[in-house]
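There are 2 protein chains.
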Amino acid sequence: MNPVDTNGQSAPGIDRLFRANIRAMEGYTPGEQPQEGGFIKLNTNENPYPPSPRVVEAIEGAVRRGLQKYPDPLATAFRVAAGRVLGFDPDWILAGNGSDDILTICTRAFVGSGHCIRYPYPSYLLYGVLGKLQEARIEEIAFQPDWTLSEEFVRPREDLRLCYLPNPNSPSGTAIPLATIESMAERLSCPLVVDEAYADFAESNCLEAVRRNKRILVSRTLSKSYASAGLRFGYLVAHPDIIRQLRKVKDSYNCDALSIAGATAAIEDQAWRRENREKILATRRRLAEGLGQLGFAVVNSQANFVWCTHPARPAADLFAELKKRKILVRYMVYPRWGDGLRITVGTDAEIDTLLSETRRLV
Amino acid sequence: MNPVDTNGQSAPGIDRLFRANIRAMEGYTPGEQPQEGGFIKLNTNENPYPPSPRVVEAIEGAVRRGLQKYPDPLATAFRVAAGRVLGFDPDWILAGNGSDDILTICTRAFVGSGHCIRYPYPSYLLYGVLGKLQEARIEEIAFQPDWTLSEEFVRPREDLRLCYLPNPNSPSGTAIPLATIESMAERLSCPLVVDEAYADFAESNCLEAVRRNKRILVSRTLSKSYASAGLRFGYLVAHPDIIRQLRKVKDSYNCDALSIAGATAAIEDQAWRRENREKILATRRRLAEGLGQLGFAVVNSQANFVWCTHPARPAADLFAELKKRKILVRYMVYPRWGDGLRITVGTDAEIDTLLSETRRLV
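In order, the protein sequence lines correspond to chains A and B.
Heads up, the first sequence is in my numbering, so the first residue is 1 and it goes up one at a time.
Heads up, the second sequence is in my numbering, so the first residue is 1 and it goes up one at a time.
This list has only true hints and no planted wrong ones.
Same chains, same label: a pair holds when it works inside one copy or across any pair of copies.
Computed cross-link-like contacts, DSBU-like style, restricted to lysine-lysine with a CA-CA straight-line distance of at most 30 Å:
| # | residue 1 | residue 2 |
| --- | --- | --- |
| 1 | Lys279 | Lys326 |
| 2 | Lys279 | Lys69 |
| 3 | Lys132 | Lys248 |
| 4 | Lys214 | Lys132 |
| 5 | Lys323 | Lys279 |
| 6 | Lys248 | Lys326 |
| 7 | Lys279 | Lys324 |
Keep in mind that the hints were calculated from the coordinates and are not lab data.
All chains, full assembly: derive it from the sequences and hints.
In structure tokens:
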């Protein structure tokens with residue numbers, strides 16, 4: 001069926017067709033998504049509960065209305081609903097195919113060849129990949145030991161065009177306070193995209209700062225707190241003049257009809273979100289305390305995961321042993337920094353199984 | 001609720017945050033997607049029939065399995081099914097969030113600042129937008145009056161990095177024969193992406209050429225011949241060494257769980273596709289003949305639309321008059337070339353209404 005030998009051999013000359021930056025870079029490797037079942041999956045910060053039943057109903061309704069027509073290019077139904085919930089006019093909102101799409105759009109709009117992109121380290125590895133795709137210079141600012149950021153993060157730099165600040169951060173689960181972020185944004189000359197993928201699990205967020213400083217952009221996702229990672233839906237809240245330019249960069253129909261319907265229903269069901277949040281926060285305490293009792297150093301988390309290390313057992317070993325037992329956590333190793341385990345807050349039953357299996361390993 | 005004045009006024013300084021190429025360019029404007037009903041919609045080449053019932057079933061099954069987990073980053077279920085149908089190993093296939101996503105990925109992978117991108121004119125306006133997003137030079141090669149391409153299309157050029165060839169082309173609906181395309185690709189030093197969005201309505205396609213020449217890449221969509229524009233699903237067929245590099249450029253989870261399930265079911269139902277194709281081709285004949293009888297010059301189409309002009313009535317007027325009557329066709333005006341109407345093949349009833357309303361206008 002396939003006459004060309006493809007066992008790992010590059011056909012001569014093919015690589016030369018690509019841009020040098022693409023050839024040279026590694027792609028982003030997402031957390032493992034085992035396609036077979038049976039795993040307790042605590043590795044990619046998904047919500048362990050199904051989304052609001054209204055999401056399912058809305059999608060079923062959209063399927064029945066038919067799929068043959070293009071979706072609304074601007075996902076206006078979602079923008080109206082989200083605007084009402086968040087207190088913004090719809091023209092302050094840009095919808096994306098997951099918040100990764102939002103981050104891609106922002107990077108392409110602000111950052112060109114030779115420009116600099118800055119973000120804290122360790123954090124979301126995708127920022128660096130997005131920068132390299134643009135032939136940008138990458139500046140990673142190390143978190144201080146207490147997971148705060150030094151003045152280095154706002155240091156003026158001629159070629160600096162975009163800063164990313166994941167808040168709460170992954171893998172640490174820690175958050176920078178609103179006042180600090182606003183003060184940092186004041187001193188930066190470039191846009192500051194606050195990546196709030198996990199903000200619904202935190203004590204505060206930056207939305208109100210978007211109104212006060214046009215250079216603050218807030219990115220959100222429905223993957224975590226709305227339990228809809230499978231839908232691919234995220235959004236950005238920013239000044240309408242920012243949104244207007246970003247629309248030029250996005251694919252015309254970047255959100256499909258089903259995800260627009262599902263996301264609209266999801267954000268309208270704030271009672272579901274609050275109830276789900278309480279469950280996740282209760283289980284997060286249970287997880288953090290349980291790990292603490294097993295001797296782990298656990299960082300205080302404001303997200304739906306915890307970051308931990310064990311003084312006696314290497315994280316890589318624990319990861320491998322748990323995986324053998326069909327429990328998937330995320331082993332993260334950051335060059336020049338260190339490694340550890342990032343464990344998603346699952347259901348109480350999943351976390352109890354994780355803790356009892358881990359007990360035998362430490 | 002919104003303290004900032006946004007009535008068309010740019011906040012001072014905001015534009016300067018963007019890259020110069022973004023500020024300078026116009027975004028791509030997709031065809032009108034009226035959100036209110038009641039239109040006979042013949043403007044964006046959608047299929048007038050609902051997709052295979054198996055698509056609906058597959059999506060409903062995926063919704064029931066839950067949305068809280070991330071989808072398969074590589075859409076392997078689709079790649080296996082498509083590979084079986086098309087006669088390729090799955091590693092020759094890249095899945096995308098619509099074929100626009102595929103075109104975006106290709107452009108970003110091959111074309112950087114100062115490189116040149118080439119495509120015929122008039123054709124899909126998005127190619128130019130994608131090039132400008134990359135700060136590329138744009139080279140539009142005019143079709144000859146008979147919709148063939150001259151030697152100019154394969155002229156060597158040092159900075160040329162990517163050629164797009166929509167085949168069948170929009171707005172003309174015409175197609176370049178396979179042998180000509182292979183001969184052009186032989187003489188080009190850069191990749192040739194054959195955009196086969198409409199190939200399922202044509203007499204031939206380029207898939208077999210992909211095996212013979214690694215610089216030929218074929219892009220497809222499920223929006224047209226599978227009646228799934230609302231799903232956003234497209235794919236590329238190319239040598240695995242090409243696919244491997246392109247994966248670095250795509251968003252990690254570019255296809256959602258529902259569209260993967262729907263697209264897999266769609267491509268597996270080839271009986272549905274063939275039957276739908278016959279209906280569209282029959283109605284295309286009816287449309288072309290009817291327009292011919294009304295005095296239109298109609299280009300012979302191999303797609304699910306026809307391109308026409310009338311010697312006595314300006315296309316812009318006809319468009320406006322039809323729109324008043326709730327019939328939406330596409331009025332296209334191409335600078336330095338001309339204008340006309342691109343009319344999608346709808347159902348027989350829709351086309352009969354279009355023809356009888358048009359009869360009163362000419």
